[in-house]
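One-letter residues, chain by chain:
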Amino acid sequence: MTAPEQAGATAGTMEFGRPAAQDDPYLVVENLTVQFPTHDGIVQAVTDLSYTVRSGQTLGIVGESGSGKSVSSMAVLGLHNPQSTRLSGSIRVGGTEVIGADQQTLRSLRGNDAAMIFQDPLTALHPFYAVGKQIAEAARMHNDISKAEARRRAIDMLDRVGIPQASSRVDDYPHQFSGGMRQRAMIAMALVNNPQLLIADEPTTALDVTVQAQILDLLQDLQQEYGSAIVMITHDLGVIAEVADDVLVMYGGRAVETGPTKAILTLPEMPYTWGLLSSVPDITGATDVRLIPIPGTPPSLLNPPTGCSFHPRCPHVDKVPGELCRTTLPELTQATHPGHRKRCHLVNPDEIYLKEVLPEAAPDLIDEETGELIPELQVQLEEIQQETHDHPTKAPGRSAPRGGDHVRADPEKP
Amino acid sequence: MFAYTIRRVISGILLLVVMSVVTFYLFYASSSTPERFACGPKCTPTQLDTTKRALGYDEPTIVQWGKFAKGFVAGREFPDDEKLRKAAPEQVVECPRGCLGYSYGYSKPVNTLIKDKLPISVSLAISAFVIWIAGGVLLGITAALFKGRLIDKAIVGLSLLAFAFPTFFIGLLLLKFVAIRWGIVELPKYSDFTDNPFLWVSGLILPAITLALVYMAGYIRMTRAFVLETMSEDYIRTARAKGLTRRVVIGKHTLRAVLTPLVTLSGLDLAGLLGGAIITETVFNFNGVGKLSFTAVQRYDLPLIVGIVLLLASFVIVANIVVDLLYAVIDPRVRLG
Numbered sequence: 011m012t013a014p015e016q017a018g019a020t021a022g023t024m025e026f027g028r029p030a031a032q033d034d035p036y037l038v039v040e041n042l043t044v045q046f047p048t049h050d051g052i053v054q055a056v057t058d059l060s061y062t063v064r065s066g067q068t069l070g071i072v073g074e075s076g077s078g079k080s081v082s083s084m085a086v087l088g089l090h091n092p093q094s095t096r097l098s099g100s101i102r103v104g105g106t107e108v109i110g111a112d113q114q115t116l117r118s119l120r121g122n123d124a125a126m127i128f129q130d131p132l133t134a135l136h137p138f139y140a141v142g143k144q145i146a147e148a149a150r151m152h153n154d155i156s157k158a159e160a161r162r163r164a165i166d167m168l169d170r171v172g173i174p175q176a177s178s179r180v181d182d183y184p185h186q187f188s189g190g191m192r193q194r195a196m197i198a199m200a201l202v203n204n205p206q207l208l209i210a211d212e213p214t215t216a217l218d219v220t221v222q223a224q225i226l227d228l229l230q231d232l233q234q235e236y237g238s239a240i241v242m243i244t245h246d247l248g249v250i251a252e253v254a255d256d257v258l259v260m261y262g263g264r265a266v267e268t269g270p271t272k273a274i275l276t277l278p279e280m281p282y283t284w285g286l287l288s289s290v291p292d293i294t295g296a297t298d299v300r301l302i303p304i305p306g307t308p309p310s311l312l313n314p315p316t317g318c319s320f321h322p323r324c325p326h327v328d329k330v331p332g333e334l335c336r337t338t339l340p341e342l343t344q345a346t347h348p349g350h351r352k353r354c355h356l357v358n359p360d361e362i363y364l365k366e367v368l369p370e371a372a373p374d375l376i377d378e379e380t381g382e383l384i385p386e387l388q389v390q391l392e393e394i395q396q397e398t399h400d401h402p403t404k405a406p407g408r409s410a411p412r413g414g415d416h417v418r419a420d421p422e423k424p
Numbered sequence: 004m005f006a007y008t009i010r011r012v013i014s015g016i017l018l019l020v021v022m023s024v025v026t027f028y029l030f031y032a033s034s035s036t037p038e039r040f041a042c043g044p045k046c047t048p049t050q051l052d053t054t055k056r057a058l059g060y061d062e063p064t065i066v067q068w069g070k071f072a073k074g075f076v077a078g079r080e081f082p083d084d085e086k087l088r089k090a091a092p093e094q095v096v097e098c099p100r101g102c103l104g105y106s107y108g109y110s111k112p113v114n115t116l117i118k119d120k121l122p123i124s125v126s127l128a129i130s131a132f133v134i135w136i137a138g139g140v141l142l143g144i145t146a147a148l149f150k151g152r153l154i155d156k157a158i159v160g161l162s163l164l165a166f167a168f169p170t171f172f173i174g175l176l177l178l179k180f181v182a183i184r185w186g187i188v189e190l191p192k193y194s195d196f197t198d199n200p201f202l203w204v205s206g207l208i209l210p211a212i213t214l215a216l217v218y219m220a221g222y223i224r225m226t227r228a229f230v231l232e233t234m235s236e237d238y239i240r241t242a243r244a245k246g247l248t249r250r251v252v253i254g255k256h257t258l259r260a261v262l263t264p265l266v267t268l269s270g271l272d273l274a275g276l277l278g279g280a281i282i283t284e285t286v287f288n289f290n291g292v293g294k295l296s297f298t299a300v301q302r303y304d305l306p307l308i309v310g311i312v313l314l315l316a317s318f319v320i321v322a323n324i325v326v327d328l329l330y331a332v333i334d335p336r337v338r339l340g
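Respectively, the protein sequence lines represent chains A and B. Per the numbering used here, the first sequence starts with residue 11, numbered consecutively. Per the numbering used here, the second sequence starts with residue 4, numbered consecutively.
Keep in mind that the hints were calculated from the coordinates and are not lab data. As the structure is a computational prediction, the values presented were derived from the model and not from experiment. Just so it is clear, CB atoms sit at the ideal spot from N, CA and C, and this is done for glycine as well. Treat the hints with caution; some may be incorrect.
[Unchecked claim] Once the Cα atoms are required to be at most 25 Å apart in a straight line, the calculated DMTMM-like pairs of lysine to aspartate or glutamate come out as:
1. Lys150/B - Asp112/A
2. Lys150/B - Glu236/B
3. Lys143/A - Asp52/B
4. Lys55/B - Glu85/B
5. Lys255/B - Glu370/A
6. Lys329/A - Glu341/A
7. Lys70/B - Asp83/B
8. Lys255/B - Glu236/B
9. Lys111/B - Asp83/B
10. Lys255/B - Glu159/A
11. Lys55/B - Glu80/B
12. Lys143/A - Asp237/B
13. Lys255/B - Asp327/B
14. Lys157/A - Asp334/B
15. Lys111/B - Glu62/B
16. Lys55/B - Glu97/B
17. Lys143/A - Asp130/A
18. Lys45/B - Glu62/B
19. Lys156/B - Asp50/A
20. Lys329/A - Glu366/A
21. Lys255/B - Asp154/A
22. Lys255/B - Asp130/A
23. Lys255/B - Asp181/A
24. Lys329/A - Glu370/A
25. Lys143/A - Asp155/B
26. Lys143/A - Glu159/A
27. Lys255/B - Asp112/A
28. Lys143/A - Glu236/B
29. Lys45/B - Asp84/B
30. Lys150/B - Asp50/A
31. Lys70/B - Glu80/B
32. Lys89/B - Asp119/B
[As the list claims (entries may be wrong)] To spell it out: a stretch of chain A is covered by chain B in this simulated footprint if at least three of its residues, at any positions, have a beta carbon under 8 Å from a beta carbon of chain B; those stretches are:
33. 131-140
34. 146-154
35. 279-288
Using the sequences and the accompanying hints, generate a full structural model.
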């Protein structure tokens, strides 16, 4: 097993001011498999998923609908109905094993150590209870406090997430809030017990763009204040670029690429990630560039494709010799750079990406005369190579990879 | 809310006025001669004509309605025909304000008839209502919580059975076995609540159960569906993600949401029943409004028909207003206006 050694070699987390005690990841997901038996067969929603998140760090999970993003994070809080779900593997939140835990353990975890923010705050808040009451309820559930104290905390939280006149809006009902305010209220509810882990399931998808940015800023501010670990589930790479330290790309219930955000967004090595990047519009780029959609539809989780689950939609299948893509599921292996892992048979992904994919998806990144990459990108690429090979201490800005291998998946593990 | 209620009441009154006119015209739209039922089969044409005039059926429909309306507002005397009144002053019946008419079939004012029969139907409806709501909601929630298991299947299956059996069959079955053969309860008989509340209850049990069963079956299935639907709502997932106990998630968050449709449906169902349950009343020989309305139609007793139609209509109208007002209380999103 090589991953832990690399993790040790590249762990730069301490240099960012976090005490060594927090070095153990707060959330550890190991070999998580989630299956739903149905009349038509077993839906393999998540297969052999492993990741870790440290306190103060943000992991972004990206993927299409049905890729297993939400299902896997629901499992972290033990929210699946045990009667209709088959779970295996291990999920540890702050050292507590979630899988197989009794309801009592799960309840004391939920909303207390680990909280969740949902996609649509209108449907996720109870329409018949005042916002403040719903927040206070979460506070009272986990603390032995009076109603008045719980209400005071609710007002305090609403104030902290930026609801104006919190002391009067606390008695408003969700429908009296705007979309952005509802999501703020949702965040207030999730954070009222100061959770160590926050799972945000597409928290900005239902909001308009300006509000999206506000909510993301708010989450980042609160993260700095509380030092919580955040799992940000999204299909929006823009969100990932803004907030995530590390990225986990999921496809068909599996992790297909993981690594530090900057590395993944600059030099992805898995064709599915290429597809995701190519289908994102670039507002600074040329207006005549067409977005390139990923052809086909997400795979059936009832009858997953043989071999690599992306092969039916992958435009680069021919570049792999033989029938390898159709017959053999690639392992999640070390990519070119440490901490960066991919599930793909391609041997020279960097070359294909820079020579074929990028020129088509983002022609403005290629110098027309020389046919070379524009200098900025060159610099960025070199930086990544430097950072991942050397120490990551020089990494500037938030989007820089802060540690080596705290997102890692270990297919070798039993 | 006050202004809204006033508006609703006024429009309800207008609706009742329209309904009374429509009832008069529909009555005469049937081709038979209503006076024949009052006069009897061996009536001579002269007698028939006298009866017609005595009943006031000889005048144009709108004039008849006008007299009805005037009688309701200011009171009136029967018979309508002045000559008849003078011929037999001892038979003149005074009908004070609020008069709904005079039933010649029963030789009594409609108001008196309704006043006598209404307590029976109301008692029956309310006791059945209590049983079906309690049973229906409790069993419905139980079935939902044990979805797919034996207990759920048993509840749903039995409710289907209760739904499928006709009321008169269930009524007769209960009467024959529970009351007559086994003697578990006394023979159902209506006694006034103010006389003896205990007798009131014991006399009502069987008819109330009979009437409640079919409603209960429906409410079990609806409650089960509402609970299951609500439990898959996002806000229930949020409640669970907060770490709330199952008791709070179901007893508070789920039931609160299920309450809304249940209140609407049960309010309207109760209103429909207050005006009498013909079959149940017949099986247990309860002389309530249901049986009264049946005889009224059978005998072409226009004043009685109009009176009962307006009574039932006002129940439904009032129930609608009450349900809408309750809705605004239950659901903060609803604004009246």
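So, going through the hints one by one against the coordinates:
no.: 1; hint: Lys150/B - Asp112/A; in the structure: 21 Å, holds
no.: 2; hint: Lys150/B - Glu236/B; in the structure: 16 Å, holds
no.: 3; hint: Lys143/A - Asp52/B; in the structure: 74 Å, violated
no.: 4; hint: Lys55/B - Glu85/B; in the structure: 14 Å, holds
no.: 5; hint: Lys255/B - Glu370/A; in the structure: 56 Å, violated
no.: 6; hint: Lys329/A - Glu341/A; in the structure: 18 Å, holds
no.: 7; hint: Lys70/B - Asp83/B; in the structure: 9 Å, holds
no.: 8; hint: Lys255/B - Glu236/B; in the structure: 14 Å, holds
no.: 9; hint: Lys111/B - Asp83/B; in the structure: 15 Å, holds
no.: 10; hint: Lys255/B - Glu159/A; in the structure: 21 Å, holds
no.: 11; hint: Lys55/B - Glu80/B; in the structure: 17 Å, holds
no.: 12; hint: Lys143/A - Asp237/B; in the structure: 17 Å, holds
no.: 13; hint: Lys255/B - Asp327/B; in the structure: 22 Å, holds
no.: 14; hint: Lys157/A - Asp334/B; in the structure: 23 Å, holds
no.: 15; hint: Lys111/B - Glu62/B; in the structure: 22 Å, holds
no.: 16; hint: Lys55/B - Glu97/B; in the structure: 20 Å, holds
no.: 17; hint: Lys143/A - Asp130/A; in the structure: 19 Å, holds
no.: 18; hint: Lys45/B - Glu62/B; in the structure: 24 Å, holds
no.: 19; hint: Lys156/B - Asp50/A; in the structure: 22 Å, holds
no.: 20; hint: Lys329/A - Glu366/A; in the structure: 12 Å, holds
no.: 21; hint: Lys255/B - Asp154/A; in the structure: 20 Å, holds
no.: 22; hint: Lys255/B - Asp130/A; in the structure: 22 Å, holds
no.: 23; hint: Lys255/B - Asp181/A; in the structure: 18 Å, holds
no.: 24; hint: Lys329/A - Glu370/A; in the structure: 18 Å, holds
no.: 25; hint: Lys143/A - Asp155/B; in the structure: 33 Å, violated
no.: 26; hint: Lys143/A - Glu159/A; in the structure: 12 Å, holds
no.: 27; hint: Lys255/B - Asp112/A; in the structure: 22 Å, holds
no.: 28; hint: Lys143/A - Glu236/B; in the structure: 19 Å, holds
no.: 29; hint: Lys45/B - Asp84/B; in the structure: 23 Å, holds
no.: 30; hint: Lys150/B - Asp50/A; in the structure: 20 Å, holds
no.: 31; hint: Lys70/B - Glu80/B; in the structure: 10 Å, holds
no.: 32; hint: Lys89/B - Asp119/B; in the structure: 30 Å, violated
no.: 33; hint: 131-140; in the structure: holds (count 8)
no.: 34; hint: 146-154; in the structure: holds (count 4)
no.: 35; hint: 279-288; in the structure: violated (count 0)
Consistency with the previously given hints fails for numbers 3, 5, 25, 32 and 35, ordered from lowest to highest.
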